[in-house]
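Student: Sequence:
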Amino acid sequence: MHPTPIQLDHSIRRVLTALRRRIRCYVWIQGVAAVAAVAGLVFWISLGVDWFFEPAVWVRKVLLSAALLGIAAVAYRTIGRRAFAPLPDRSMAILLERRFSEFDGSLLTTVELTARPPDPNDCSRAMLEATCSQACAPLRGVRLGAIFNPRPLRSAVVWGILLAASTVGFWSLASDEFGVWLRRSVLMSDEIWPRRTILTVEGFADGVALVARGGDFTLIAKADTTAQDVPRSVRIEYRPEGSPRLDATMVREGQAVAGRDRYQTYSYTFRGVLAPITLNLRGGDASIRNLRIEVVDAPTLIQLDAECKFPDYTGRPSRTLPATGVVPVPRGTQVTLHAKSNKRLTQVKVVDGDATQLVADSLTRDLESILALQQGLPRFVPGADLASDTAERIKQTADRLAQLHEEASRRFAGNGSSQAAREFLDGIAATRSDLIEVLERRADAAMLESVGGRLQALLGLLGRLLSFANFDYSLQPIDETKTLELTLRDVDGIASNQPIRIILSAVEDQPPQASVRLDGIGSAITPQARLPFNGMIHDDHGVDRVWLEYAVEGREPRTQTLKQVTGIATHVPLNEAFDVEGLRLAPGQKMLIAVKVHDRCNLDKGPNVGSGDRWMLDVVTPEKLRAMLESREIVLRQRFETIVEDVEGIRETLSNLSFDDEPDQPENRPVEAAEPGESERPDTAERRRGVRLLRIQRARQNGQKDGQEIAGVADAFSDIRKELVNNRIYTEELRIRIEQDIVEPLTRLVLDDLVQLDEDLARLETTHDDLRRSPELRDAALVRTDAILKTMRAVLARMVELEDFNEAVQLLRSIIAEQEQLREAVRERRKAKLRQLLED
901 MHPTPIQLDH
911 SIRRVLTALR
921 RRIRCYVWIQ
931 GVAAVAAVAG
941 LVFWISLGVD
951 WFFEPAVWVR
961 KVLLSAALLG
971 IAAVAYRTIG
981 RRAFAPLPDR
991 SMAILLERRF
1001 SEFDGSLLTT
1011 VELTARPPDP
1021 NDCSRAMLEA
1031 TCSQACAPLR
1041 GVRLGAIFNP
1051 RPLRSAVVWG
1061 ILLAASTVGF
1071 WSLASDEFGV
1081 WLRRSVLMSD
1091 EIWPRRTILT
1101 VEGFADGVAL
1111 VARGGDFTLI
1121 AKADTTAQDV
1131 PRSVRIEYRP
1141 EGSPRLDATM
1151 VREGQAVAGR
1161 DRYQTYSYTF
1171 RGVLAPITLN
1181 LRGGDASIRN
1191 LRIEVVDAPT
1201 LIQLDAECKF
1211 PDYTGRPSRT
1221 LPATGVVPVP
1231 RGTQVTLHAK
1241 SNKRLTQVKV
1251 VDGDATQLVA
1261 DSLTRDLESI
1271 LALQQGLPRF
1281 VPGADLASDT
1291 AERIKQTADR
1301 LAQLHEEASR
1311 RFAGNGSSQA
1321 AREFLDGIAA
1331 TRSDLIEVLE
1341 RRADAAMLES
1351 VGGRLQALLG
1361 LLGRLLSFAN
1371 FDYSLQPIDE
1381 TKTLELTLRD
1391 VDGIASNQPI
1401 RIILSAVEDQ
1411 PPQASVRLDG
1421 IGSAITPQAR
1431 LPFNGMIHDD
1441 HGVDRVWLEY
1451 AVEGREPRTQ
1461 TLKQVTGIAT
1471 HVPLNEAFDV
1481 EGLRLAPGQK
1491 MLIAVKVHDR
1501 CNLDKGPNVG
1511 SGDRWMLDVV
1521 TPEKLRAMLE
1531 SREIVLRQRF
1541 ETIVEDVEGI
1551 RETLSNLSFD
1561 DEPDQPENRP
1571 VEAAEPGESE
1581 RPDTAERRRG
1591 VRLLRIQRAR
1601 QNGQKDGQEI
1611 AGVADAFSDI
1621 RKELVNNRIY
1631 TEELRIRIEQ
1641 DIVEPLTRLV
1651 LDDLVQLDED
1661 LARLETTHDD
1671 LRRSPELRDA
1681 ALVRTDAILK
1691 TMRAVLARMV
1701 ELEDFNEAVQ
1711 LLRSIIAEQE
1721 QLREAVRERR
1731 KAKLRQLLED
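Last residue of the sequence shown? That's 1740 in my numbering, and every number before it is there in order.
These are computed hints drawn from the structure, not numbers from a lab.
The reader is advised that the hints may include incorrect statements.
Said to hold, decoys possible - Listed next, the in silico DSSO-like pairs over lysine-lysine satisfying Cα-Cα at most 30 Å (straight line):
no.: 1; residue 1: Lys1622; residue 2: Lys1490
no.: 2; residue 1: Lys1382; residue 2: Lys1249
no.: 3; residue 1: Lys1463; residue 2: Lys1490
no.: 4; residue 1: Lys1240; residue 2: Lys1382
no.: 5; residue 1: Lys1505; residue 2: Lys1463
no.: 6; residue 1: Lys1209; residue 2: Lys1505
Stated by the list, open to error - Quick list of the computed label-pair ranges, beta carbon to beta carbon:
no.: 7; residue 1: Glu1380; residue 2: Thr1521; range: 49 to 59 Å
no.: 8; residue 1: Asp1513; residue 2: Arg1727; range: 45 to 55 Å
no.: 9; residue 1: Gln1604; residue 2: Ala1469; range: 55 to 65 Å
Glycine included, C-beta positions come from ideal geometry on N, C-alpha and C.
Please take these sequences and the hints and turn them into a complete structure.
Tutor: Shown next as structure tokens:
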């Protein structure tokens, strides 16, 4: 039979239970206070972060999650892990034993031994009862409060009350701000904090703005003048990618006046942006963070051609030319530009002098005009009544938006599944509704201003819907030089860095050029002359008509067609003659004549007229013209005699050439100088070679000069022959004498003999140091020169014969003239005698 267990004394159990209850109460109070303190601290920290930085939603979500995790961790650490932990009697006895030494281990022994079945081997029953009695004795003096450290509890409670009370106080005193914090930090709303300063920026969609690579970007910030505070300055902190952080102060533009100006504007320009830039703005108590400027390629043209439809008078087919730099086109050309861009575009602005045109879809142009109409509305103070003209313009804007919505609905009917198209149509409808609401309220500045921003966004959306990479631009016929400047705007809203300049140079149709001469006609003609016109007529786009314009002294000017031109000919050879015999000219008259030509130009000024040389011709008798030609023959014969003497001088120079370099006189005896005035020098082999070379060169130069002069004489005699023929005063014998006996021999000399002589002298000049070959070449040149002289003397003899023939003819003419005079004198004398007889 087991012994009866000894029960723990009731007084001891009561003390242990009381201690256990007080411990749990301590833990709960301290835990709740700690959680309250942490929650209050989290509130104030999140309030400060959200107020000063206004982080994005995802950042606020992270902060809220971290706060909840922190509060949960504190609650678990201070309450969950401690308040529900088991507190056995043994642990309570240990706490009492440690704090109160008078138990002297009796309490712990009593608790341990009474908690298990009695074992005679441990102790006797009497001993256990004595120990229990010993443990009960000090209980009356035990104060359980002495076991606890009040400082942690007091600290937690104080902080918990302070932070919780401050939170409640903030909620009661600033309920609006508390609501903003609640909606932003807990409900994750995008609502912004109310500020004394209201700061906005332009051109950033979702916090991102785009700029062309290498271009300038002007940041525009606006402070609302209706807010409590308008900052004196706005600071900007920015960091280009790969560079350290920088800061700057934005430029304040003017001084906005509240009630007159809605915004105070600040600007800052980033020059030559090559890398993305992250930036923050701060002005007053407002800040805008995490803005970013992204760099994209600027739109440009990768192909630009000019399709030219040339005017009819040019006769040229249409042609496509590369439109780079200056494009010259004939005046009156219809030009169409065909362009291709590297990016999709929303519009192209073409500036032509003072005129500006927009290459864009009709919907885009309509929306641009509506936006311009809306932006032109006068600003007014909120709460003021709308002026009647302002209300009328708002109504016009709403009506045009309705028309635009109707047209866009038809255009996008086949694109109903496009989310962007539906978004655009809904945006137009909503904007029109806002304008109607403004009209109904008769005043709502904020709503009216929001319309402008919405229209701007809709314009960008429409541009993306109707974007294009290829476009055409047609011009009116080019009447004068045009300078076009093309500015591209792509779907990102980026404009080309510099306007693309094209110069269409209007090339005036030039007058025809008549390079015409009178062939075989001098300054005088006979009444029966024939005027041959030879030459070439040039025009840039084609000759239409060639005619003569002449005026005879004492008569009205007249014209006569010289040549009919068929087809389109830019180069017209002219070989026509005009017979003046039908004009019944009289000796002593003067005739002014010129070749005229006009082209095919049919523009406003009509054809361009060109003119060749004008010739003033004296009309003389055949006898006088023959006398004039005979005088020219005499002059030519005298000139030819001089040329013969020059050729004889060449022969003499060649015959005096010596190729013996050994002096036949004393060494220091001077030789004849090579040139007049040249000082005498000792006769040496080198001196002889120099003199020989100089004489050969001089002979060759004289031969070339004489050849040119002989050619001139031949041409002059040929002109005389032509004048005889064209004036119809020639005889066949005279023509043959001039042509066969003078012109042809001289022409052969120039083209054959003198050329060969020049080649002989050139070889002699090259080998003048060769004492073996040079004499042979000299002798060959002498033979050639003798043959030339023989021909020239024969021609000179024919000239003399021709002169004698002309003198004989002239003598015969004088005899005939004297005979006629004598006959006339006899006739007059007979008449006089008859009159005398009749009188008698």
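Student: Among all the numbered hints in the text so far, which are the ones the structure does not match?
Tutor: The structure breaks only hint 9.
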